[in-house]
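Colleague: These protein sequence lines are chains A and B, in that order. full-length UniProt numbering puts the first residue of the first sequence at 1, with every later residue one more than the last. full-length UniProt numbering puts the first residue of the second sequence at 1, with every later residue one more than the last.
Treat the hints as calculated values from the structure; they're not laboratory data. Some clues are possibly wrong.
Taking lysine to aspartate or glutamate and the EDC-like style, the derived pairs with C-alpha atoms no more than 16 Å apart in a straight line are [stated by the list, open to error]:
(1) B:LYS270 <-> B:GLU258
(2) B:LYS53 <-> A:GLU239
(3) B:LYS2 <-> A:GLU285
To be clear about the criterion: a stretch of chain B counts as covered by chain A if any three or more of its residues have a C-beta under 8 Å from a C-beta of chain A, and this derived list gives those stretches [as the list claims (entries may be wrong)]:
(4) 12-22
(5) 137-143
(6) 157-168
(7) 184-190
Even for Gly, the Cβ is constructed at its ideal location relative to N, Cα and C.
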Amino acid sequence: MSTENRKLINIATAGSVDDGKSTLIGRLLYDTKSLTTDKLEAIERNSKQKGFDYLDFSLATDGLVAEREQGITIDVAHIYFNTEKTNYIIADTPGHVEYTRNMVTGASTSSAAIILIDARKGVIEQTYRHFFINNLLRVGHVVVAINKMDLVDYDQQVFEDIKKDFEALIEKSDYSEDQVKFIPVSALHGDNIAGSSEIMNWYQGPSLLDYLEALEIDEHEDNSAARFPVQYVVRPKTEAYHDFRGFAGKLYGGNLSVGDEVTVLPSFTTSKVKSIHFFDQEFEEATPGSSVTITLEDEVDVSRGDMLVKSDELPKSEKQLSATICQVNSKPLRLGTKYILQHGVNQVLAKVDSIEGLVHTDFSGTEETEQLKLNDIGKVNFRLSKPIHFDPYGDSKSNGSFILIDEASYDTTSVGFIQ
Amino acid sequence: MKNTFVPNPKEAESIHIIREVAAQFEKPVLMFSGGKDSITLVRLAQKAFYPAKIPFPLLHVDTGHNFPETIEFRDKLVEELGLELIVANVQDTIDQGKVQEEKGRYSSRNSLQTTTLLDAIEAHKFDACIGGARRDEEKARAKERVFSVRDDFGQWDEKNQRPELFDMLNGKIHHGQNVRAFPISNWTELDVWEYIKTENIKIPSIYFAHKRETFVRDGMIWTASEHVYREEHEEVKERMVRFRTVGDMTCTAAVLSEAESLEEVVDEIKASTISERGARIDDKRSEAAMENRKKVGYF
Numbered sequence: 001m002s003t004e005n006r007k008l009i010n011i012a013t014a015g016s017v018d019d020g021k022s023t024l025i026g027r028l029l030y031d032t033k034s035l036t037t038d039k040l041e042a043i044e045r046n047s048k049q050k051g052f053d054y055l056d057f058s059l060a061t062d063g064l065v066a067e068r069e070q071g072i073t074i075d076v077a078h079i080y081f082n083t084e085k086t087n088y089i090i091a092d093t094p095g096h097v098e099y100t101r102n103m104v105t106g107a108s109t110s111s112a113a114i115i116l117i118d119a120r121k122g123v124i125e126q127t128y129r130h131f132f133i134n135n136l137l138r139v140g141h142v143v144v145a146i147n148k149m150d151l152v153d154y155d156q157q158v159f160e161d162i163k164k165d166f167e168a169l170i171e172k173s174d175y176s177e178d179q180v181k182f183i184p185v186s187a188l189h190g191d192n193i194a195g196s197s198e199i200m201n202w203y204q205g206p207s208l209l210d211y212l213e214a215l216e217i218d219e220h221e222d223n224s225a226a227r228f229p230v231q232y233v234v235r236p237k238t239e240a241y242h243d244f245r246g247f248a249g250k251l252y253g254g255n256l257s258v259g260d261e262v263t264v265l266p267s268f269t270t271s272k273v274k275s276i277h278f279f280d281q282e283f284e285e286a287t288p289g290s291s292v293t294i295t296l297e298d299e300v301d302v303s304r305g306d307m308l309v310k311s312d313e314l315p316k317s318e319k320q321l322s323a324t325i326c327q328v329n330s331k332p333l334r335l336g337t338k339y340i341l342q343h344g345v346n347q348v349l350a351k352v353d354s355i356e357g358l359v360h361t362d363f364s365g366t367e368e369t370e371q372l373k374l375n376d377i378g379k380v381n382f383r384l385s386k387p388i389h390f391d392p393y394g395d396s397k398s399n400g401s402f403i404l405i406d407e408a409s410y411d412t413t414s415v416g417f418i419q
Numbered sequence: 001m002k003n004t005f006v007p008n009p010k011e012a013e014s015i016h017i018i019r020e021v022a023a024q025f026e027k028p029v030l031m032f033s034g035g036k037d038s039i040t041l042v043r044l045a046q047k048a049f050y051p052a053k054i055p056f057p058l059l060h061v062d063t064g065h066n067f068p069e070t071i072e073f074r075d076k077l078v079e080e081l082g083l084e085l086i087v088a089n090v091q092d093t094i095d096q097g098k099v100q101e102e103k104g105r106y107s108s109r110n111s112l113q114t115t116t117l118l119d120a121i122e123a124h125k126f127d128a129c130i131g132g133a134r135r136d137e138e139k140a141r142a143k144e145r146v147f148s149v150r151d152d153f154g155q156w157d158e159k160n161q162r163p164e165l166f167d168m169l170n171g172k173i174h175h176g177q178n179v180r181a182f183p184i185s186n187w188t189e190l191d192v193w194e195y196i197k198t199e200n201i202k203i204p205s206i207y208f209a210h211k212r213e214t215f216v217r218d219g220m221i222w223t224a225s226e227h228v229y230r231e232e233h234e235e236v237k238e239r240m241v242r243f244r245t246v247g248d249m250t251c252t253a254a255v256l257s258e259a260e261s262l263e264e265v266v267d268e269i270k271a272s273t274i275s276e277r278g279a280r281i282d283d284k285r286s287e288a289a290m291e292n293r294k295k296v297g298y299f
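Isolated chain A (complex conformation) (with noise of 0.2 Å):
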């Protein structure tokens, strides 16, 4: 498959309402070639009928009727392309606050995000809030699109401006300076979007496309240790694999090979990693994203939702809990709620023990609060019916993160950010 050498890049963008990103999006889709004739036929069409003198581009990304109705987007859609160097999957979040959990969606599978601003308006409240997300989540890598230049006679000063607002922001955060890349552009006109403005000849940086062929990601965004949490247990019980029992999952962290002492948890049994195999082929070593099947040299308990690691890189196991979390549900958290508490593919009983406050997305800190609500990020502490085994979220996204599902309705009503 070409996507092996092809690397893959997430992206989320974050805007508020009218900042442009749909027409952002599109416009990245048109200069890279990737709208093929019948959709731009069709907005060429639907522009038409509603009276623009201008393609309107977010026709090719808010898929849902009431979407178009309302000319907003409501909803995360997945926006794929390629270029010959790249393959790019964006989530193109909405920006009205309400949708806040839709932010939180996107950015948490993202290794970049887009932040639009209107050139017009500068930092706003939303802006505070899309940033401390990307904070929040250590989304990598920032591009700040500061748009609509062509509404601010493509005036250096503006773009200058808004930057310094946001650079005394980087310096409340966790950024360094050299994560966050600042470009002024026109997505209506595609002013340095997939080539360099010839009117803003100020800029001397990359266009956002560029910026983006050239970033470097580390895929994983893991520094944990090897973690392999078991997802499914295959027992053939063929007369060729009469006694093969093996253990499905997907490898975080760092690499497991043939021949590593494991420990089991949560029963802490240890053993040793016999085979690892792909399909049909077995391998002495797996990388970090392998969904492979793993068998041990000794018969141990192992089910679903238990985890593999190396015996002498234990995660931390406990039955307490403080995390950042993030209410995506409009049912509230409140203290006393149970919950059941899905860590990776493992599920546990959690209750909250503690409401220690709400954070303020403008970085200004907390205040106290008796509920989470809708769209609310809060530092809370639970404890659980049993430990679960991870690593806090500034090491692994994947081992230090878990939603909360709802006992009576199954919604999923928070993420998680363990400390």
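Please build the complex by placing chain B on the supplied structure of chain A, with the hints as guidance.
Modeller: Just chain B, lined up with the frame of chain A:
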């Protein structure tokens, strides 16, 4: 040098999803149309559970208007891999008086499939249906979750979807609900073709250029068949064509092509300026054709 396994990220993600379906649900089924996407799903499912067999059956909703080559391929594949196949016939649903055959110029059994599918889900008590839909296919599909909860009427509530974070999938549902699971959500058409090529996966012959009796309507090439409505002035001609997507004859248009090998097919897809679903007659019905079908239970 160690023999080290380096994953293809999209393949690894799909296998992860398929295993979650098998682990989280009691009675999953893989929706199999005989098209390239569901064939890819079968290969991914093989990889997910190897050396064990795929632990769920295949379900084919047969409109009765399928290309014979597809049906032949389906039966051979099932036999070779020792899989269980369940066929649900749209004809039965028509005979039961639950749906009515469409008439006229654009008559198709495509939308009738929904009722047959929902009946099959109910009859077999399937709680998860694995499908080969991809988000790049169509803009309503771009909004779809990997685990998409449907109510006991099979309905999709597009404004109230469960957020999906990282690769944690919440498959908890109430009795009567079902989940549509889409393991190759993040693949593009080109990804699928390149995968089929690299893996050397067998596909039905209609994907390669062949001579076929066709006629042209609305700029699209239709198959001339007893199942496809045709007016007298619509002239049938033999053309060298292939198919990019396989629905049944009444909703899938052919494209002119000389591509006879997988290499040539991949090159053709790369050079094409028309989207895959540009040849789907069922999508041309209205701007929201897919969304409307999905809302009532189409896969």
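Colleague: Name the hints, by number, that the structure is in violation of.
Modeller: none
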